[in-house]
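Colleague: One-letter residues, chain by chain:
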Amino acid sequence: MGNMFWSRRPDTLTQKFLRVHWGVLLVATLIAVLGTATLYSVAGGSVTPWAEHHALRFLFGLGLVLTMAAVPLRIWIGLAYPVFASALVLLCLVPIVGVETLGARRWLSLGPVGFQPSELMKVALVVALARYYQWLPSERVSRPFWVLLPLLMIAVPVALTLRQPDLGSATLFACVGVGLMGLAGVHWGYAIAAAASIGIGAPLVWNGLYGYQRRRIEVFLDPEKDPLGAGYHITQSKIALGSGGVSGRGYIQGTQSQLDFIPEKHTDFIFTIFAEEWGFAGAAILILLFILLIGMVLRMAHGCRSVFGRLLIGGLALTLFAYAFVNMAMVTGLVPVVGVPLPLFSYGGTAMTTIMVALGLAMSAHVHGQEQVGRPQF
Amino acid sequence: MFTPDDDDEAAKHQTFTRRAMLLGVGQVVCFGLVGARLYQIQVMDEGRYVPLAEGNRIGVHLRAPERGHILDRFGEVLASNQEGFRATLIPSRAGDLRQTLAMFARIVPLTADEQERIVQRAQRKSRSAPLVLAGDLSFEQVAELSVLAPRLPGIATEPAPKRTYFHGDSVGHVVGYVGGVERLAMDDDPVLRLPGTRIGKSGVELGMEDELRGVAGSERLEVDARGRIVRSLGETAPRPGRNVVLSLDVGLQARVMARLGRERRGAVVAMDVNSGEVVALASAPAFDPRELVAGAGADAWKARLNDPDKPLLNRAISGLYPPGSTFKMVTALAALEAGAVTLKERVECAGSYEFAGQSFRCWHRRGHNRVDLHRALKESCDVYFYEMARRVGIGALSRMARRLGFGEVFESGIAFQKAGVVPDPVWKRGAFERGWLGGETVITGIGQGFVTATPLQLAVMTARLATGRKIVPTLIRHNAGARPAAEGDAFQVLDIAPEWLDAVRKGMVAAVNEDGGTASNAQIDGSSIVVAGKTGTSQVSRASSERGQGELPWDLRDHALFVGYAPATRPRYAAVAVVEHGGSGGAVAAPMVRDVLGMLIAEDPAAKPAYRQPDADRRADAAGRSAPERSD
Numbered sequence: 001m002g003n004m005f006w007s008r009r010p011d012t013l014t015q016k017f018l019r020v021h022w023g024v025l026l027v028a029t030l031i032a033v034l035g036t037a038t039l040y041s042v043a044g045g046s047v048t049p050w051a052e053h054h055a056l057r058f059l060f061g062l063g064l065v066l067t068m069a070a071v072p073l074r075i076w077i078g079l080a081y082p083v084f085a086s087a088l089v090l091l092c093l094v095p096i097v098g099v100e101t102l103g104a105r106r107w108l109s110l111g112p113v114g115f116q117p118s119e120l121m122k123v124a125l126v127v128a129l130a131r132y133y134q135w136l137p138s139e140r141v142s143r144p145f146w147v148l149l150p151l152l153m154i155a156v157p158v159a160l161t162l163r164q165p166d167l168g169s170a171t172l173f174a175c176v177g178v179g180l181m182g183l184a185g186v187h188w189g190y191a192i193a194a195a196a197s198i199g200i201g202a203p204l205v206w207n208g209l210y211g212y213q214r215r216r217i218e219v220f221l222d223p224e225k226d227p228l229g230a231g232y233h234i235t236q237s238k239i240a241l242g243s244g245g246v247s248g249r250g251y252i253q254g255t256q257s258q259l260d261f262i263p264e265k266h267t268d269f270i271f272t273i274f275a276e277e278w279g280f281a282g283a284a285i286l287i288l289l290f291i292l293l294i295g296m297v298l299r300m301a302h303g304c305r306s307v308f309g310r311l312l313i314g315g316l317a318l319t320l321f322a323y324a325f326v327n328m329a330m331v332t333g334l335v336p337v338v339g340v341p342l343p344l345f346s347y348g349g350t351a352m353t354t355i356m357v358a359l360g361l362a363m364s365a366h367v368h369g370q371e372q373v374g375r376p377q378f
Numbered sequence: 001m002f003t004p005d006d007d008d009e010a011a012k013h014q015t016f017t018r019r020a021m022l023l024g025v026g027q028v029v030c031f032g033l034v035g036a037r038l039y040q041i042q043v044m045d046e047g048r049y050v051p052l053a054e055g056n057r058i059g060v061h062l063r064a065p066e067r068g069h070i071l072d073r074f075g076e077v078l079a080s081n082q083e084g085f086r087a088t089l090i091p092s093r094a095g096d097l098r099q100t101l102a103m104f105a106r107i108v109p110l111t112a113d114e115q116e117r118i119v120q121r122a123q124r125k126s127r128s129a130p131l132v133l134a135g136d137l138s139f140e141q142v143a144e145l146s147v148l149a150p151r152l153p154g155i156a157t158e159p160a161p162k163r164t165y166f167h168g169d170s171v172g173h174v175v176g177y178v179g180g181v182e183r184l185a186m187d188d189d190p191v192l193r194l195p196g197t198r199i200g201k202s203g204v205e206l207g208m209e210d211e212l213r214g215v216a217g218s219e220r221l222e223v224d225a226r227g228r229i230v231r232s233l234g235e236t237a238p239r240p241g242r243n244v245v246l247s248l249d250v251g252l253q254a255r256v257m258a259r260l261g262r263e264r265r266g267a268v269v270a271m272d273v274n275s276g277e278v279v280a281l282a283s284a285p286a287f288d289p290r291e292l293v294a295g296a297g298a299d300a301w302k303a304r305l306n307d308p309d310k311p312l313l314n315r316a317i318s319g320l321y322p323p324g325s326t327f328k329m330v331t332a333l334a335a336l337e338a339g340a341v342t343l344k345e346r347v348e349c350a351g352s353y354e355f356a357g358q359s360f361r362c363w364h365r366r367g368h369n370r371v372d373l374h375r376a377l378k379e380s381c382d383v384y385f386y387e388m389a390r391r392v393g394i395g396a397l398s399r400m401a402r403r404l405g406f407g408e409v410f411e412s413g414i415a416f417q418k419a420g421v422v423p424d425p426v427w428k429r430g431a432f433e434r435g436w437l438g439g440e441t442v443i444t445g446i447g448q449g450f451v452t453a454t455p456l457q458l459a460v461m462t463a464r465l466a467t468g469r470k471i472v473p474t475l476i477r478h479n480a481g482a483r484p485a486a487e488g489d490a491f492q493v494l495d496i497a498p499e500w501l502d503a504v505r506k507g508m509v510a511a512v513n514e515d516g517g518t519a520s521n522a523q524i525d526g527s528s529i530v531v532a533g534k535t536g537t538s539q540v541s542r543a544s545s546e547r548g549q550g551e552l553p554w555d556l557r558d559h560a561l562f563v564g565y566a567p568a569t570r571p572r573y574a575a576v577a578v579v580e581h582g583g584s585g586g587a588v589a590a591p592m593v594r595d596v597l598g599m600l601i602a603e604d605p606a607a608k609p610a611y612r613q614p615d616a617d618r619r620a621d622a623a624g625r626s627a628p629e630r631s632d
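Chains as they are written, first to last, in the working numbering: chain F, 1 to 378; chain V, 1 to 632.
Pulled out of the complex, with its shape left as it was, chain V reads as follows (with noise of 0.2 angstroms):
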């Protein structure tokens, strides 16, 4: 096994005594280098770190950022700190902690039991940490504790500016809440860490939680045995967080909440169809973020989580509703495009439609007779439309509906937005594991069945088919930093043949406008401005097409949709209402529709000058200003 190679062995050795050497003098130029660092650092710097008195330490301090504001369109606040006080502690300067709580708690009312819960916290995080006291504190409070701070070691007053709403009751889902940090990593931003930070929950406050949040800047201080500031080391301002303007008319959307709250459950989106931008986004019942974040306490929420109605769903970009008729335009496109039906074909209803050996009906129990596409939009046909989905297949139809904005969700700024779903046989078999049916490919046809979406994937269903671009929807007017939003650049164009799209369009003006339209109630009265839109009757249980909805109880009845948009001949903006249980949607969801498109019209926020905020990055250097950099 050994074979002994002497040559070879002292070859080698010789290399090795080479580079072991080469190794020797390499560690002491690396060993050299860290002794010079600390050379540097302990020697040359000596003094810089070095406490002024035994005792001293020195700190670095974090200083939180303030949290950006959001405003509406129009500059009006809808989200902004208000200064505040709170006490923080550090348990490791206070000495005998008891002691000291009993102290502070003759100034600010603190009971034995609280005190305990503090002390226990104490205990278990870094004695190092700051823990908050209290917070909210009054004028008094933090003068009477600045003259005792002699006596409350490790105890500090801080500024801790509160989140406060404004127009709570009509922007509450839109712009949401902040609240507590839940848990923490080690990489995480250090804002984080800071002692009673509060972060977006939902809504924007959440959707643009990293502009709004801002950077940490930190000071070095020593500090006496007491805690109290002897000098400062050095400090790096933090960096403010960016304010967000919406691209919300909270005077619109106030009025458009009051409209949608004669209804019990619903949502009302309008948006601006050229530019994509959401002017008002409302959701009944309405909740206001101001009773949770005011200390609102465990009860109020509770309440509001059991409530049935859930008042905390945004159900404009959260509520996932069949879509009723007002997917019609996607069958229709989808058969159009297809080749499947020409404009003029006629398809004879005669009240129901058979297919497999099953029966479909149309709401028109006697039958249409032969209707073509322009018809079949106009009086909402159903027979027509399975007809177009039996031919076209599930395939085109999921298609189309992606195209127009179904199943997606949108960079809009906002949190917990619902994707829906849009069904074809891998999405079927994926959830329920099992196979497609061609009756399930006839109920999509007039959007019943397994499809479902958000009011803000309809309102952009609608702004797509009225304009024939790809609009992306925005809450956001813009932010320092970010391209202003969507003003300007156009959106791709849609590739669907104009001719298409035009026979779509013709249709839903026909709906509104002409004779035994199903939209009739979405005219504006005595206004030259023309409305096309659809109507959408969405079944929620098979009761409801067995007895007039009258005689149903509530919870049965069909849910209304409407999708619309106006001027017809140079559309500006597009509403969409969906009511909950409200029964027929020409009924309830188009007067409601006629009514917000009735205001968009009238006031014309687009139009408007917009806010425009003093460069953000302007006000960031200004705060910089104002509380210098040295650096040390």
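Only chain F is shown next, with the shape it has when bound in the complex (with noise of 0.2 angstroms):
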């Protein structure tokens, strides 16, 4: 990159659209084909309810992604605690105004949209975390108060989401958000320290969980206890991906999955169906695909020039990472389920829409990544 002819002058929209990071859009396009074709499975053989509804969506998505690209950085940077600040707001007005539905408190209602504070809080702390340490010079990074500060910052979100209670966003917030303090320079000692004191505090934290949350961690350690309890959605999904075996049963064959035994099957469980239907090699490349993405979009932040947008890409990475990971982690029984979806490829919008958004947000990274991005006030 010549950086030498780098100018003033902003770009034309022409140019930003050729500096847009065209093959993490393509690996992340195949992933949602992927996806897109599995939900067709799933449904057994047909493009409603899921995957007709999946295509559109990631295909409105791209287009979000290609003018987020276009804004330019200082806009994310003016943004970034009015929206951190509202969505803490909105976050605390759930428990209050709430709609109730499956037995938690986690979305509010507008008009005829429903919308869960959580997702634009996952959005909104990576774009205030990657302001405030865009502002932190460097020296400062490692000190306690301004190790404290951000930690608070996910804290609170990560609070709230536990009393509503949703495990999954609160894991994710907590991921990304150390993650990014983490890719921000922090100091290891400071890991090293949580670490221990997570040893210490996991007891409190144990008392503090509901009885569902802990009866999910108890099966965890021991599904076959409770198969047809709460143990059921690993026990069957294992069931399913062994049916599977090296090879697959074949696409729109996963009889496992076709009959109803994987709950969430078109959500939080949709790998369990791909790897039956696929095998573990089908599995294998999937996973490839992910790790192949999530590598291109880290590269794109080595790209870039500021801190904030190299922390708003690292923010997509982390996300992309933390949501596959565990949800990866969770069908195949390594980790708890905590209800978290495979992003571009579990059905539901809200979860495509914050990846769209966080995507579109590194891709106004990428594109103005030569530009150089002054020290904000506080």
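In short, the hints are calculated from the structure, not lab data.
One should not assume that every hint holds.
Unchecked claim - Which stretches of chain F does chain V cover? Using the computed rule of at least three CB atoms under 8 angstroms from a CB of chain V, they are: (1) 55 to 65; (2) 172 to 185.
Stated by the list, open to error - Just some of the chain F residues that point at chain V, by a computed CB distance under 7 angstroms: (3) R19; (4) V97; (5) T235; (6) K238; (7) L241; (8) G242; (9) G244; (10) S247; (11) F280; (12) L298; (13) A301; (14) F321; (15) F325; (16) M328; (17) L334.
Note that the structure is predicted; figures quoted are calculated from it, not measured.
Cβ atoms here follow ideal geometry from the backbone N, Cα and C, with glycine treated the same way.
Now that you have both chains on their own, put them together as the hints suggest.
Modeller: In structure tokens:
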């Protein structure tokens, strides 16, 4: 990249369009196409009710990414704190005026549209932390006070979503937030101290968990104990995975999955269906696609000149990683079932929106990667 | 606004690059773990989960635990399970559902309407969840269904034990009954999700549900397209529920029920005062769970729910009655403890008591003249206790009442106990948004007004007075895992001075045994056993004080109460009788308690060796051995 020819004059839309990272979009599209195909299979070979919607949502999302890519970084910097603050307020409102579905209060009702503030927060947290580190001089990054501040920014949404209760979102906030702090250069010592305090604090957290959350953890440790109860998801998922074998049972041939044995088969457990039908070979390819996508995003971050831009892109990498890893580890019984979808693959409008907005922000950071962004005021 | 800071930027970039590379390596490692896990499940363990033939599938089937039995203290069975069979249907395997059902109906009669309802239910539920088509199949039907199995895809027969009750007419209220599961939450016990599961709905069946239910087992089965089992891939045996042994003596209970049954509505509680074990718990009218569980239908239910005598109500634990004069021991102790009166002090009773411009009557219109505590208890002088209540105030009264067991719901293993009301100004403000009136303290002194208690609570009060210990009642004798009930370990001593308790006990002895006592009907004729007790007649309507009880319509007559224990010197048993609209405690309730105490002393169930169940854990092990646990 010849940044010696970098000019102060704003780029034209065409220039920006040419700088979009098409490789990342290509891999993302591949994953979404596989997801659409699997949703077609889950519905027993039908584009309704899921596959069609999923494809349309992704296309709409692509449009959003390209639009957001044209927005200069200073706009995002300006929006960062206000959006974070409003996401916090909305999260606080959920327990008061939220709509209860399936026993948890996660939604705000805006007329006919349901809206989960926790999804807005997933993006807002990344932008807010990126802006914070854009401002913070590097010698202060590891000072206790300046570590405590971003920790608070993470802890408050974690606590609020835990109360809803939404263990999945809380996990994501914690992973992405702490991961971003790591990318920003916070000293390793803090990670070690945190690990130690988790060892001490875990029993306390355990006491604060809801019965169903505890049961999920208990059953995770020994799911065979309760195979039709709380361990149902994992046991059935493992049977379906195992029946796929190396080469799979064939497209739309996954008998375990086709027969309602798998709950949430179009959302959280869609990877099980895919891996039953395409076997270990297919699952490995999907995993490689995710590794490739996240690797490309990280490279994209490396090429970015500003802290803000790098952390925006890093936030996308962390979000993709946290979603994909937790989801796959969950359906294979490596971690407890916390209700996290597989990004770009699972059916569901809210998660798709979150990922595409994060992708849009990252793309904007990439397109404006050679811009110098100064230190904003606090 | 923007101040370029190149060095800083460069430093940050360097750190970022290092960290980003670490993250890159980290994600490869993490996804590698997932891949390794998949390799383990899909490649290394391949075969375990791959169905033997195309079209077969593997499912996890839940196995129901057997519900624990309920036994009386001598091992007499009160509730157990009878073998039975039922037919279930898994809609996703049924092929043409209507055709299969029509075939099924040739063996087990189902009307066209019922078939249609099953089809609708199948459409509403998950297609792989089994539905119960018919319970209570005969052996012939089971045999025919097995023969025709190839033509009945998706239909299976399975053992379905039926809850059966014994001695239902005398222990129905205590044992309670079971019924279907109404609502389900996702994290509920999987047993509840089994079709046909019955859970406790009242009595001990509900109170001890956790012990009785057991833990579900499971079996992984490969089934072919018709739902036939091809092979088992390993199972975990269900753990049967624990047996619950009650403290009740069913023989005695039957006799107490018969004695109580002479009255229309009422309750009797008989308790071992030293262990708190309830030996008999009777409520009239009786109710037999067998009539309801054996498919009595909605009409039988409606009839019982609409019956003005409310036969489903267990009056011994859920009936709330003003304790009337049986509350006077509480007032006496509150006054003695507060130092508001001495044992010798006499209070003038002229037949009525004036307070704040109101006149409160003594039941003895002409008055008792000058009475001390002993005579006041013996002759149940109302004026004496009006005065004591006024002296100590409502706070001291309600505190003493609580110490003796009023207002408390005990962990006795039985559901639907009521707490009753121990009134005080705070309670009244909450309940009525009105302030407390002095006159209300006065009538509380004789157990009228707001104060209410269950017969069980009155029995606890009596046992606590008799022993001076904080007796807690229980209906459960022992069950494996839990400590043997109360036996051996003594209850905490009540912190009430022994001399005050002694004075009250003497008053109760005098009420039964001295001339002029109100409870001479409680004497056991021709026996050396001395009974101590106290009558109570609680006013139901204002009219009762104006006219004689005999002239009143039945439902306006006073409730008759009696609380007593025996032998007075070394208390063994306490008994309480409440007869609704019985008219007079001394005339109706005292003889009933006399008879019950007579039976208790004569038979002495607490002294006989009680049933010890073969350790329930061993029983569970045995069940586990018969269906060995195979790990896979």
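Colleague: Check whether three or more residues of the segment 55 to 65 of chain F sit with their beta carbon closer than 8 angstroms to a beta carbon of chain V.
Modeller: That given contact is violated, which follows from only 0 residues of the segment 55 to 65 of chain F lying within Cβ reach (below 8 angstroms) of chain V.
Colleague: Does the closest beta carbon of chain V sit nearer than 7 angstroms to the beta carbon of L334 of chain F?
Modeller: Hint on L334 of chain F: holds, closest Cβ of chain V at ~6 angstroms, below 7 angstroms.
Colleague: Is the interface hint satisfied for F280 of chain F? The criterion is a beta-carbon contact with chain V at less than 7 angstroms.
Modeller: 4 angstroms, holds
Colleague: With chain V as the partner, please determine if L241 of chain F meets the hint condition of a C-beta pair closer than 7 angstroms.
Modeller: Holds - the Cβ of L241 of chain F comes within 7 angstroms of chain V, reaching about 5 angstroms at its closest.
Colleague: For the restraint on V97 of chain F, tell me whether the closest CB of chain V is nearer than 7 angstroms.
Modeller: Hint on V97 of chain F: violated, closest Cβ of chain V at ~24 angstroms, above 7 angstroms.
Colleague: Interface hint check: F325 of chain F, Cβ to nearest Cβ on chain V, cutoff 7 angstroms. Holds or violated?
Modeller: Nearest chain V Cβ about 5 angstroms off; hint holds.
Colleague: Quick one: see if chain V covers the segment 172 to 185 of chain F, three-plus residues with Cβ-Cβ under 8 angstroms.
Modeller: n = 5 at 8 angstroms, threshold three: holds.
Colleague: Holds or violated: T235 of chain F as interface residue toward chain V, Cβ cutoff 7 angstroms?
Modeller: Hint holds; T235 of chain F Cβ to chain V Cβ min 6 angstroms, cut 7 angstroms.
Colleague: Classify the hint on S247 of chain F as holds or violated, based on whether any CB of chain V lies nearer than 7 angstroms to its CB.
Modeller: 10 angstroms, violated
Colleague: Would the hint on F321 of chain F be counted as holding, given a Cβ-Cβ threshold of 7 angstroms to chain V?
Modeller: 5 angstroms, holds
Colleague: Should the interface hint for A301 of chain F be scored as holding, given a Cβ-Cβ cut-off of 7 angstroms against chain V?
Modeller: 6 angstroms, holds
Colleague: Double-check M328 of chain F for me: the hint is only fine if its C-beta lies closer than 7 angstroms to a C-beta in chain V.
Modeller: Nearest chain V Cβ about 4 angstroms off; hint holds.
Of the numbered hints stated above, those contradicted by the structure are hints 1, 3, 4 and 10, listed in ascending order.
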